[in-house]
Structure formats: structure tokens, C-alpha cells
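Participant: What follows is the residue order along each chain.
2 protein chains.
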Amino acid sequence: MTIQQKGYQKVKITDRFWSKRLEVIHDHVIPYQWAALNDRLEDAEPSHAIENFRIAAGEAEGEYHGMVFQDSDVAKWLEAAAYSLEHHPNPELEKTADEVIALLQKAQGEDGYLNTYYMLKEPNQRWTNLRDNHELYCAGHLIEAAVAYYQATGKRAFLDLMSKYADYIDTVFGPEEGKLKGYDGHQEIELALLKLYDVTGNDKYLNLSRYFIDERGKQPHFFDIEKKKRQESSPFFFHDGYAYHQAHLPVRDQKEAVGHAVRAVYMYTAMADLAAKTNDETLKKACEALWENVTQKQMYLTGGIGSMAFGEAFSFQYDLPNDVSYTETCASIGLVFWAKQMLELAADHKYADVMEKALYNGTISGMDLDGKKFFYVNPLEVQPEACEKRNDQKHVKAVRQTWFGCACCPPNLARLISSIGHYIYSQKERELFVHLYMGHETNVQLAGCRVQLAQETNYPWDGDVTMTVSPEKAYEFTVALRIPGWSRHAVLKVNGEVVDHFPIMKNGYVYITRTWEDQDKIELSIQMTIEQIKANPLVRHNVGKAALQRGPLVYCLEEADNGGQLQNILLPRKAELKAEYDEDLLEGVVVISGKAERIDEKDWGGSLYRTAEIQTSPADIKAVPYYAWCNREPGEMRVWINQSR
Amino acid sequence: MTIQQKGYQKVKITDRFWSKRLEVIHDHVIPYQWAALNDRLEDAEPSHAIENFRIAAGEAEGEYHGMVFQDSDVAKWLEAAAYSLEHHPNPELEKTADEVIALLQKAQGEDGYLNTYYMLKEPNQRWTNLRDNHELYCAGHLIEAAVAYYQATGKRAFLDLMSKYADYIDTVFGPEEGKLKGYDGHQEIELALLKLYDVTGNDKYLNLSRYFIDERGKQPHFFDIEKKKRQESSPFFFHDGYAYHQAHLPVRDQKEAVGHAVRAVYMYTAMADLAAKTNDETLKKACEALWENVTQKQMYLTGGIGSMAFGEAFSFQYDLPNDVSYTETCASIGLVFWAKQMLELAADHKYADVMEKALYNGTISGMDLDGKKFFYVNPLEVQPEACEKRNDQKHVKAVRQTWFGCACCPPNLARLISSIGHYIYSQKERELFVHLYMGHETNVQLAGCRVQLAQETNYPWDGDVTMTVSPEKAYEFTVALRIPGWSRHAVLKVNGEVVDHFPIMKNGYVYITRTWEDQDKIELSIQMTIEQIKANPLVRHNVGKAALQRGPLVYCLEEADNGGQLQNILLPRKAELKAEYDEDLLEGVVVISGKAERIDEKDWGGSLYRTAEIQTSPADIKAVPYYAWCNREPGEMRVWINQSR
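So the sequence lines, in the order shown, correspond to chains G and L. Residues in the first sequence are numbered consecutively from 1, following full-length UniProt numbering. Residues in the second sequence are numbered consecutively from 1, following full-length UniProt numbering.
Hints may contain errors.
Copies of the same chain are indistinguishable here, so a pair counts whether it falls within one copy or spans any two.
Below, simulated DSS-like cross-link-like pairs (lysine-lysine); rule was C-alpha separation at most 25 Å, straight line [as the list claims (entries may be wrong)]:
(1) Lys277 x Lys121
(2) Lys255 x Lys284
(3) Lys181 x Lys218
(4) Lys255 x Lys602
(5) Lys277 x Lys204
(6) Lys297 x Lys602
The set of hints was computed from the structure by calculation and includes no laboratory data. Since we're looking at a predicted model, the values are computed, not measured.
Kindly generate the complete structure, drawing on both the sequences and the hints.
Facilitator: If you want it as C-alpha cells, here you go:
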């Protein structure tokens with residue numbers, strides 16, 4: 001069980017790296033998104049999201065506009081606002097949020113139902129198209145927001161509204177006679193109901209979540225039944241209409257990740273949470289199998305998932321093309337959610353390593369340093385002309401966009417980043433697991449003892465972390481510190497004395513059990529070396545290539561630093577590379593630079609093919625963290641660098 | 001001017017390699033296509049192509065069915081049949097062809113018009129949508145067929161019908177007051193009218209062709225004018241609706257190949273032919289610029305062109321991905337047409353090298369060895385699972401298909417292969433240019449002297465060619481023999497005596513000027529070595545890769561010989577490779593085999609990424625000619641092989 005759930009505590013982020021991002025979210029993203037939701041952006045299509053609620057509440061007249069899941073944009077904004085209020089009090093923001101909540105209350109039906117699409121557009125068609133119309137998805141996001149707002153502000157109003165909605169949903173779905181035997185086309189309600197269970201303790205929500213999870217994929221197939229009722233005959237756009245929704249098999253029988261990547265990881269998150277909460281062994285096994293499949297066969301080095309645009313989906317094992325990947329920001333965010341829940345099942349650094357990888361690379365790459373532009377798709381290789389001229393790469397943008405028609409990623413990033421503190425720890429009776437390293441202060445309840453915790457670090461630029469553990473009284477418990485899988489060496493000290501951590505390490509966590517006293521100090525020094533990463537040779541796109549990584553950060557070459565035609569930079573296997581902090585570059589980053597080779601292009605003249613071997617010359621290269629790419633002039637980018645002979 | 005045009009002579013192919021293909025065309029493809037045109041194939045959509053003509057002729061009742069260009073399938077079949085009759089007399093086939101021609105005559109309008117789509121479906125809408133509806137395209141194919149049939153059989157009926165049609169078209173289009181100032185959306189009529197000019201000598205056809213060529217791309221734009229007349233407002237599907245049709249600029253100003261690849265090369269063919277016929281310098285310059293652009297920046301090693309499925313089109317310079325290429329069979333066929341016409345402009349081996357490259361690789365790869373299955377798209381790298389599961393590769397088929405909804409490629413191959421003899425020579429006053437080497441017999445008129453010619457060779461398996469030159473009387477003229485650009489060494493003998501060919505070589509042709517006598521013998525021995533070809537480093541997809549080539553043939557690795565995961569075969573730069581003829585494999589091919597390396601896949605275990613370097617083991621590899629791939633069990637294929645360290 002996690003801190004934010006049991007004995008929830010606020011986390012104050014003091015980290016240099018993350019504070020910047022939190023500030024950007026607070027100062028730019030949340031206000032910008034508020035303007036978007038209220039149709040005040042000049043350069044974007046009107047969202048109409050707030051207006052839909054106003055119409056439903058009787059405060060305005062007009063018709064519904066927007067995607068069928070437009071409500072969820074408001075929900076994600078409220079959730080991000082809630083997390084932001086947690087560490088950055090802002091009465092004005094809180095007042096606005098309260099007003100939105102009041103609006104939701106006014107819009108909500110007598111029975112608890114709240115979905116402006118159906119209320120305004122198809123009032124008699126509730127629950128007739130679960131597969132496509134995101135009804136439970138929107139409900140789930142509203143529930144998540146309500147839980148976050150309650151935790152951040154202590155105010156119950158929103159939570160009560162959404163409990164009422166959940167109670168109503170419970171009357172509609174379930175195994176009982178007369179109830180719909182269905183589930184959502186876009187998973188989300190499952191994980192939200194579990195959060196609602198955490199704060200309310202009401203078993204009903206846990207049971208309903210389990211019902212949705214277990215009903216999925218059963219035959220006769222619910223999507224067919226409801227489709228028949230709709231008298232709809234058109235085929236589903238994806239080649240396997242069940243797999244797209246991960247409804248091709250009962251979830252306990254699923255071993256390979258398929259279909260829409262965001263739907264998948266949201267579902268896996270709920271499965272892992274439910275398995276942990278209920279000690280459900282078969283569900284746990286399914287989660288583990290899916291985890292192995294995703295992270296060992298279908299995940300990009302950046303923590304990106306979803307290797308094709310068609311269906312925003314997983315394609316197949318080891319199919320990880322770098323230039324046409326989908327790697328949606330939201331999918332990496334969902335991977336973070338899932339990893340955190342896997343850590344509840346077992347403290348294994350393999351989960352935290354992936355969580356960290358996605359956090360420092362494939363999620364935050366979705367936003368520019370100013371928080372003003374966003375990527376939906378986070379490719380590992382970009383040639384701008386190809387994005388412009390090749391239809392099969394048009395989903396890959398060479399520059400971030402201000403907003404999207406389907407605006408799921410920016411608010412999702414906002415809620416992830418503003419809740420970053422919730423991913424640092426988890427706990428279990430007398431064990432405190434430390435998954436992430438970032439400057440912060442918080443306090444937790446460990447078996448009844450209040451413990452103040454703080455970290456100081458320059459992470460991810462170096463791996464020195466000082467952690468202070470201050471129980472309110474001398475108290476025995478375990479602090480289990482993660483030693484990242486990317487590290488070759490680490491030194492651990494407690495109160496200045498070196499601790500030989502190998503004998504007390506299990507699955508990448510060092511278990512320090514002792515009687516802790518006020519101001520006890522843990523010093524962990526994790527060596528960060530520049531690594532040349534190679535991909536499994538079954539990944540046909542990466543043979544003969546290497547990627548640079550240092551600590552949790554994946555690096556890339558950009559045209560701004562290296563000129564164009566990045567394919568012609570060849571990285572020697574024994575390249576001498578150095579890492580140096582450059583405070584003036586990209587708001588301060590550690591740059592990797594050194595000598596490589598470059599294929600001589602001019603030597604070729606006009607010919608397209610020849611028998612003579614290529615010639616190379618020495619060339620300086622400079623790599624920057626992947627998350628920070630595309631913050632200067634647009635150009636080529638490449639993570640996987642061709643290796644030299 | 002070419003042999004088939006001026007002093008047209010039949011060519012009897014005795015070549016081992018090409019005879020097999022001609023036989024397949026005659027025995028299988030032409031009858032199969034006849035069955036297709038008559039809706040007698042069980043496993044294919046009905047073509048309705050003959051039925052459309054029967055309805056138009058009043059011999060049947062019913063409605064038009066098929067593509068808007070369905071007539072052209074009949075035309076291409078007639079053209080292929082004509083070429084086949086030239087070297088393979090077949091009274092039954094000729095009778096069938098005569099019957100079809102009689103049907104066309106019956107269907108043709110009083111005014112000469114003949115297009116079943118418009119006659120049956122939109123009788124009052126002739127010439128209202130030149131951009132999309134292939135009206136002049138179909139006319140062009142009918143004209144080409146008529147010319148071929150006249151040349152093969154000496155029968156004028158079809159030629160007269162089509163002259164009448166062309167005369168009518170000439171009353172519709174042209175610079176004169178009241179005529180349409182337009183041109184076709186799919187170029188074809190231009191090259192056909194020039195062929196009609198060749199056999200009739202009627203300047204009208206040359207002038208009309210030139211009109212179409214020169215009108216193209218002028219402003220105000222004809223496609224806009226006719227679109228406005230149609231009161232059509234929908235946008236064109238391609239990102240540049242002019243460029244798709246090569247109508248973005250007047251043709252003389254075009255320097256880069258853009259848009260739909262088949263349209264492009266059909267147009268370039270006509271431009272080159274017109275330039276040669278009229279000594280048109282600016283048109284010649286445009287042809288040369290476009291040739292350099294296509295062959296030095298946009299052509300695959302196999303002679304394939306068109307690197308994207310979207311628009312079946314050129315994408316941009318040096319953008320030559322191997323797994324998502326379009327490389328349509330028809331586009332390579334058009335490249336052969338164009339190359340032949342460029343050779344009329346100048347005898348330069350660069351044109352013949354490309355012509356040969358396309359003939360021996362990217363065109364005939366479109367058909368299996370039995371002539372029963374066809375590729376529309378000829379990729380250079382195939383991973384069957386990707387073709388099946390990735391939407392962006394669904395245009396690439398891992399196995400050849402029996403027929404296509406848009407059945408352009410199979411009949412196009414049939415007409416190319418059955419006219420292969422027309423590509424061997426061209427002539428100019430007292431010069432006979434020998435472009436290709438294949439066993440055959442023919443005779444030509446050279447400045448009034450009849451000359452019997454024959455070649456014997458085992459090409460493309462070895463480069464020894466014996467050519468017999470037998471003028472009817474002792475006669476001085478020049479035989480200019482091409483020394484292929486892929487050859488490192490050649491030995492030339494005339495009547496047994498070695499000729500030092502360097503002093504008499506120009507642009508890759510050896511000019512032997514002498515008084516030729518009966519049974520004079522030229523022996524040319526062109527060295528064929530196994531070459532590792534590298535691509536220009538601006539082709540980002542091929543850095544670190546090499547392709548195998550021997551003589552005119554490009555080779556590939558197939559899973560059938562090398563197992564799967566072909567990306568893991570690494571070709572040493574100094575690999576010892578041998579070429580051996582295997583008469584039992586793929587109907588007899590020279591196989592390239594030798595020692596390479598293979599990345600150890602098992603050594604990886606489960607991990608997707610790691611820091612340790614890959615390990616390799618020695619591995620035997622076996623490469624087969626690209627044209628013959630996919631004639632065994634389906635599997636992976638790869639032309640560009642990763643190079644070893």
C-alpha cells in the first residue's frame with residue numbers, strides 16, 4: 001500500500017530538476033489548460049469542455065461539442081490542480097477548482113450520472129456503446145480527480161459527488177440479474193475505483209473494479225452483444241477489434257501486450273493494484289507475464305511503448321522501429337502508473353528502473369522546457385523532411401505542438417509531474433521502500449510511528465543522495481533503498497559509516513534494518529557512468545547501433561549540436577566520452593561529448609551506389625538528454641547511433 | 001530511332017534466361033489474363049473488362065463495372081499478345097485477338113471515341129475529368145496495342161481504328177480556339193501518339209503529343225479549370241495535387257522527380273522520345289536533369305522507384321527505406337521504357353545500365369517463376385510479421401498474389417517481357433548500338449543494307465557473348481557495344497583477334513567501325529565479379545550495410561537459405577564469397593555463398609537492452625538473385641545486409 005493511499009502525506013519537492021518542471025506545470029501548463037478548457041486559446045480549436053458542463057448544469061444554452069471524452073480533460077485538469085495545490089498553495093487556483101466542482105455538482109443527474117456527451121447529445125442512450133464512447137473512462141478520470149482533490153485539500157464535496165456517481169454505476173453493472181454484463185472500451189474506471197476504495201474504504205468500489213477486470217474478454221463477447229443491440233454492422237477499424245481493447249482474452253490469460261497501448265497500461269495498473277490489495281495470485285502472475293513481455297520485448301529504450309500509429313498500438317514482439325514509433329506520451333505515463341503498482345506487488349528494482357526510465361525520458365520528452373508545447377508522439381529518430389513528406393510518418397512531428405484536437409497528453413503530463421512526489425516511496429508494515437531519488441521533504445506513518453524523511457541530491461546529474469530519516473522517537477524499521485540497475489557501483493553510508501550493502505541486498509534493494517533515531521543520515525553514492533547500450537539483436541532496427549545512457553537518462557544526438565545527416569556519425573565501441581554539466585545549455589544539463597567518426601559524404605560525388613568502401617574522418621559529437629531535445633532550432637534527432645567498424 | 005520503329009524487325013529470342021520467361025508469359029500469363037478479363041477466374045474479383053466492351057458493342061446488356069481504367073487491361077493484353085505473336089506464332093491467340101479487335105470496332109463510336117466507362121456510365125461527360133478518370137490513358141494503351149499488333153501481324157484494322165480515335169482526340173484538344181486546353185491525369189497518351197507517329201508518319205500525332213507535353217503545368221491550371229466546371233470542392237488526396245501528376249511546373253522546368261512514379265516515368269519516356277525525334281534541346285535537358293535526379297537520388301538498387309505507398313510516389317531525395325518502399329512493378333517497367341528512349345538521345349552506358357538493372361531485378365521480381373503470382377510492390381526487405389501486423393507496411397506483401405483489384409502490373413509485365421527483344425539494339429544511320437546481351441536472332445536495315453544479327457550467351461550467369469554480324473554484302477558501319485558499368489574488366493575480339501577497346505570507347509560503348517562481312521564474329525567477355533555495393537551515405541537507411549551484386553543481378557538473402565532474423569547476418573568487408581551455378585535451385589541460378597558472421601541471439605537471454613557488446617559466430621550465407629526471391633516457402637528477405645565490424 002502506498003503512502004498516498006494509506007497514511008497519505010504531502011510531499012514537498014525541493015529537487016532542482018523536478019522543481020523546474022513543477023514550476024512550469026504550475027505557472028504555465030495548468031493556466032494554459034484552463035484557458036484551453038474555456039476556449040480562450042487563439043491558436044487552438046475550441047475545447048468546449050467547460051461549456052459542455054455549463055450547458056448540462058443549465059448555466060448556458062447550446063449543443064455539446066468536442067470528442068466523446070471531452071469531460072475527461074476537465075477531470076485531468078482538476079487532478080493536476082489538486083496535486084499542484086498539495087505542494088504549491090494557490091488560493092486562486094483552489095477557488096477556480098471549487099467553482100468547477102460546484103459546476104459538476106449542478107450538472108450531475110439526480111441518480112448520480114455525470115457525462116455531458118450523453119446528457120446533452122444522446123440522453124436516452126447511456127451505456128449503449130461502452131466499446132467506443134468512453135463513458136466509464138470519463139467517470140474514472142472524474143473519480144481520480146475527486147480522490148486527488150480530497151487528498152490535497154481535505155475537502156469532501158467532489159469526493160462525495162463522485163462516490164454518488166460510482167454508487168450509481170454499481171447499480172448498472174455487475175453479475176446480478178438485470179445488470180449490464182459489460183466493461184469499458186477504454187480502461188480507466190478500474191484503477192479509479194481502486195483509488196476511491198483507498199480513501200473511502202468502501203468494498204463496493206473494490207468489488208466493482210474487480211468485476212470490470214474479470215468480466216473483460218469473456219465469451220459471448222460483450223462488445224458483440226452491445227453492437228448487435230445497436231444494430232451496427234460496420235467492422236471495427238483495427239485488425240482485431242477485441243485485442244485493440246485488450247478484450248481478446250480474459251485478463252488472467254493474457255501474456256502478451258496487444259492493442260492500444262494506453263488502454264493496456266491503464267488496465268495493467270488496475271490489475272496490479274487489485275492483485276496487491278487482494279493477494280490475488282493468478283492476477284499477479286498475469287501482471288508479471290505482461291510486465292516481462294512489455295519491458296523485455298516491446299519497450300523503447302526511453303520507456304516509450306506502442307510501436308505503431310495504427311491503433312496507437314503495440315505491434316509485435318521486438319518490433320521497435322525508431323522513426324515511425326507511436327510512443328505516445330500518455331502510454332509512458334501509464335507505464336509509470338503500472339510500474340508503481342508492480343512495486344506494491346514486489347520491491348524489485350526492475351519495476352523502479354522502468355518507472356524511472358519513463359519518468360526521466362519518454363514522459364517528460366512530451367513537453368518543452370517552457371511547458372508551452374507538447375509531443376503526442378515521442379520518436380527515437382527524426383528526419384524532419386520525412387515527417388513532412390512521408391504519410392507513414394505524419395504522426396511523428398518534428399517540433400512540439402501547442403495543443404491537440406485529442407488533448408489527452410498535456411493534461412496527463414500535468415497530473416503526472418505535479419504528483420511526482422508520490423512515486424518516491426512505498427511502504428509495507430515496518431518497511432519503507434525508496435524507489436526514486438530527488439530532493440524533497442515529507443513524513444510518513446510507519447507502523448504507528450511518524451517519520452520525517454528528506455532527500456538532497458543533484459540527481460539525475462550525479463548519483464550522490466543524502467537522505468535524512470527522523471522518527472519521532474527511536475524506532476526499529478527497515479529502509480530499503482533501490483540501487484538502480486544501470487549503476488555499476490554504489491557506496492552506502494549510514495551516519496558516516498560505510499555499510500557493505502551486498503549481503504543485505506535483494507532484488508536491487510538494500511534493506512537497512514536498525515533502530516532509527518532523529519536525524520539519522522543515509523548517504524548513497526550511485527556511480528553514474530556513460531554507457532553504450534545495445535539492443536537485443538531480435539530488434540531488427542537496432543543492429544549495429546548503440547545508444548548513450550548515463551544514470552537514468554537516455555541521450556540523443558541533435559542536429560543543433562552535430563549538423564545534419566546524423567546517420568553518418570559513427571560511434572566507436574571504445575569511444576572516449578566525457579560527461580560535463582553545462583549550466584547554460586537547455587536550462588542546465590550534463591552533456592556527453594567526445595570523439596567519434598563521420599562518414600565523408602562529399603567523397604561520394606553524385607553516385608548513389610558504388611563498390612568502394614566508405615571513408616570516415618574523426619568528428620566531435622555532443623549528446624544531450626533525450627527529454628530535452630527539440631528545445632532549440634528544429635532538426636534531426638537520433639537516439640540509436642550507428643557504430644563504427 | 002529504334003528498330004521497332006524505323007525498319008522494324010522481329011527478334012527471335014533464343015536466350016536461356018529470357019526464353020523461360022517468354023514461355024511463361026505465353027503459356028500462362030496471357031491465357032490467365034485472358035481468363036481474368038473474361039471473368040473466368042474463380043479466386044479473383046470479376047474484371048468485367050471484356051464484358052464492358054460487349055455491352056458497348058451492343059452484344060450484351062448490363063452496366064459498366066470495374067475501375068475507370070478497366071479498358072486499359074484489354075489494351076495491355078492485346079499488346080502483350082501482339083509481342084508474343086511476333087516470336088511465337090499462335091493461330092488461336094491471333095484469332096482471339098482479332099475477335100477482340102472486331103469487338104472494339106463494334107464498340108467504337110461513329111466519331112472514333114472509344115471508352116466504355118464514359119460510353120456506358122456517363123455518356124454526356126466525356127473529357128470532364130481528365131485529372132482522375134484516365135480517359136486519355138486508356139486511349140494511349142489502346143494505341144500502343146494497335147501499333148504493336150500492326151508491327152507483329154501486319155494487319156492494319158486495329159491501327160486504323162486507333163488512328164481514327166487519335167484523329168478524333170486531335171479535334172478535341174489543342175491550342176486552337178474552341179478546343180480543350182487540357183491533358184491527361186495519368187500520362188500515357190503522349191508516348192502512345194509518338195509510337196503511332198512512328199508507324200504512320202503522320203505529323204498530327206507527333207504534334208498532338210507535343211501539345212499534351214507542353215500544355216502540362218501551365219497556369220491557370222487546367223486541373224483547377226476543369227474542377228471548377230465540375231463544381232467540385234473536395235481537396236485532392238495527395239499533399240500536392242499538381243505534383244502527384246507532374247503538373248506542378250511546365251515539364252521543361254522540372255528537375256526533380258515527384259509524385260506518382262508510374263505517371264512520372266511514362267511522361268519522361270514521351271519527353272525523351274519527342275526530344276530525340278525533334279532535336280528539342282530544352283526538352284532533352286529536362287530529361288537529363290530528371291534522369292540524374294531519379295537514378296542518383298531516388299532509385300533503389302534493384303531499379304525500383306517510388307519510395308512511399310502514399311500516392312505510389314516519389315518521396316524526397318535519398319529517402320529509400322527498404323521495408324516500406326512502394327517500388328511498383330509498373331514503375332520499374334516505365335523506367336525501362338524511359339531508359340530506352342534516353343538511349344535514343346545519347347548512347348551512354350548509364351542509361352543502359354539502369355535499363356538492364358531494372359530488367360533483371362525490379363521488374364521481373366514482380367512475377368513468380370511460374371508466371372502465376374505477382375507482386376505489385378517489390379520491397380528490398382521483408383519481415384512477414386511486419387507486413388501482416390503493421391498498417392504502414394500492409395502494402396508490402398510477403399508473398400505474391402494471384403491477381404489485384406487494380407490489375408496494372410501483371411499485364412504490364414507481360415507486354416514488357418514479350419517485347420524484350422526490342423530493348424537490345426538501337427541504331428542511328430550507320431551505327432548499330434548493342435545495349436543488351438541475350439541469345440537472339442534478328443536482322444536490321446542499316447543505311448539500306450540488310451544485316452543479320454545473332455547473339456549467343458549464358459548471360460546473366462556469365463558475361464561471355466558471341467555476336468554474329470552478317471551483312472547481305474560487305475559493308476562499312478559501326479557496331480557500338482556496351483561495356484556494362486558494373487564490369488571491372490572486359491576482353492573484346494573480332495574474328496578471333498583481340499581488339500584494344502579503350503581507345504575506341506566512349507561513354508561505355510566500344511565503337512567498332514569496319515567493313516563487316518558475312519559471319520563476322522564479335523566475342524565479348526565481360527568479367528562478372530561478386531561486388532559488395534554500398535549506398536551513398538545520404539541514404540540514411542543503408543549506412544553500415546552492403547548489398548551483393550554480380551553482373552546485372554542484385555542478390556538477396558532469404559530465410560529459406562539462411563534462417564530467420566536476417567538482420568543478424570553480418571557481412572565481412574573482405575568476405576570470401578563464391579559464385580556457383582546451381583541448376584536445381586529456382587530453375588537454375590548462380591548462387592553466391594561464403595562465410596559471414598551471425599550475431600548470437602541466444603547469448604542475450606531475456607533482456608531487451610544491455611551494455612555488453614554483441615557476440616558473433618561464423619555463419620555460412622547463401623544469396624540468390626533478387627528477381628527469384630519468394631519462390632519457395634515464405635519468409636524474410638533482405639537485400640541490404642548489415643556489415644560486420
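Participant: Could you run down the list of hints and mark each one as holding or not?
Facilitator: Hints and how they fare:
no. : hint            : result
1   : Lys277 x Lys121 : neither (38 Å within a copy, 68 Å between copies)
2   : Lys255 x Lys284 : within (12 Å within a copy, 62 Å between copies)
3   : Lys181 x Lys218 : within (10 Å within a copy, 64 Å between copies)
4   : Lys255 x Lys602 : between (50 Å within a copy, 21 Å between copies)
5   : Lys277 x Lys204 : within (14 Å within a copy, 87 Å between copies)
6   : Lys297 x Lys602 : between (39 Å within a copy, 14 Å between copies)
Hint compliance for this structure: hint 1 alone is broken.
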